[in-house]
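Order-wise, the sequence lines are chains A and B.
Residue numbers for the first sequence, in our numbering: 1 to 88.
Residue numbers for the second sequence, in our numbering: 1 to 138.
Worth flagging that the hints you see were computed from the coordinates, not collected in a lab.
One should not assume that every hint holds.
[Stated by the list, open to error] Label pairs and their calculated CB-CB ranges:
hint	chain 1	residue 1	chain 2	residue 2	range
1	B	Arg46	A	Ala67	21 to 31 Å
2	A	Asp71	B	Arg46	41 to 51 Å
3	B	Val17	A	Asp64	20 to 30 Å
Just so we're clear, the structure is a prediction, and the values are computed from it rather than from any experiment.
Backbone N, C-alpha and C fix where the C-beta goes; we use that ideal spot for every residue, glycine too.
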Amino acid sequence: MPIEAHEARLNITWAGQNGDLPDPISYDAADGDVLQWASEAIRGGDVPGIDADPNVDLQDFVVDRFAAKDDQPNKILVRPKTPFGGRA
Amino acid sequence: MLESAVVLVRGENGAQVPLFWHLPEGRTVASLPDSRDLWSVLWEHRKNLVGVAHSHPGGGVPGPSYTDVTTFAAVEAGLGVRLNWWITSATHLIVARWVGPDRLSYEGTLIEEEPLWANLLRDFSEQMKKEREIHNAD
Chain A
1 MPIEAHEARL
11 NITWAGQNGD
21 LPDPISYDAA
31 DGDVLQWASE
41 AIRGGDVPGI
51 DADPNVDLQD
61 FVVDRFAAKD
71 DQPNKILVRP
81 KTPFGGRA
Chain B
1 MLESAVVLVR
11 GENGAQVPLF
21 WHLPEGRTVA
31 SLPDSRDLWS
41 VLWEHRKNLV
51 GVAHSHPGGG
61 VPGPSYTDVT
71 TFAAVEAGLG
81 VRLNWWITSA
91 THLIVARWVG
101 PDRLSYEGTL
111 IEEEPLWANL
121 LRDFSEQMKK
131 EREIHNAD
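With the sequences and hints as input, model every part of the structure.
Okay, structure coming up:
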């Protein structure tokens, strides 16, 4: 499916697997909505490359956005967060 | 001191081999920011990954912060594997591992015989502070 200028391909990483949602999403969608859509898609087995998981929990995952560049459309990645914080 | 981290992979004979020293812009004495680059390294090397070590300021037996354990849980969920999460202080090294039953139930174990990379991690944490002090003094 072609991706329009206001849309993005959603790429998700979960349980050692990675895949793109077949349908594009809005590039400006709120992070919370993106995480909700990603959760529902994994739960329903709608992401090629990622096994359906009824227990998916994307708490503490983040949303990375990459604007269209050259021939590549907008892309949104859902991945685990990676900050660390010690005692001050 | 500036907090630092290192990604460790499985080497020959099961040795822990430092793969990637994580010294990002924006780190402070007590924090490392979220990093796409770190995640990319973890994902790319997920099949040989042993864990991640990071430094905490001060001495004494360190323990994981809330930020730490939520990152541990998220990364393990993303990779689909459990990892070792070492933390150094100036004087001690622990390794935290998930023990369950809850998502954030991690328990630290003191490491008596430290691997070589532990002092290298401390050196990186201190060295960068010294370099910044020298730079600021110029």
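These are the hints, each one checked on the structure:
1. Against the hinted window of 21 to 31 Å, the Cβ-Cβ separation of arginine 46 of chain B and alanine 67 of chain A comes to about 27 Å, which satisfies the hint.
2. The hinted range of 41 to 51 Å is not satisfied by aspartate 71 of chain A and arginine 46 of chain B, whose Cβ atoms lie roughly 28 Å apart.
3. The hinted range of 20 to 30 Å is satisfied by valine 17 of chain B and aspartate 64 of chain A, whose Cβ atoms lie roughly 28 Å apart.
The structure fails hint 2 only (numbered hints given earlier).
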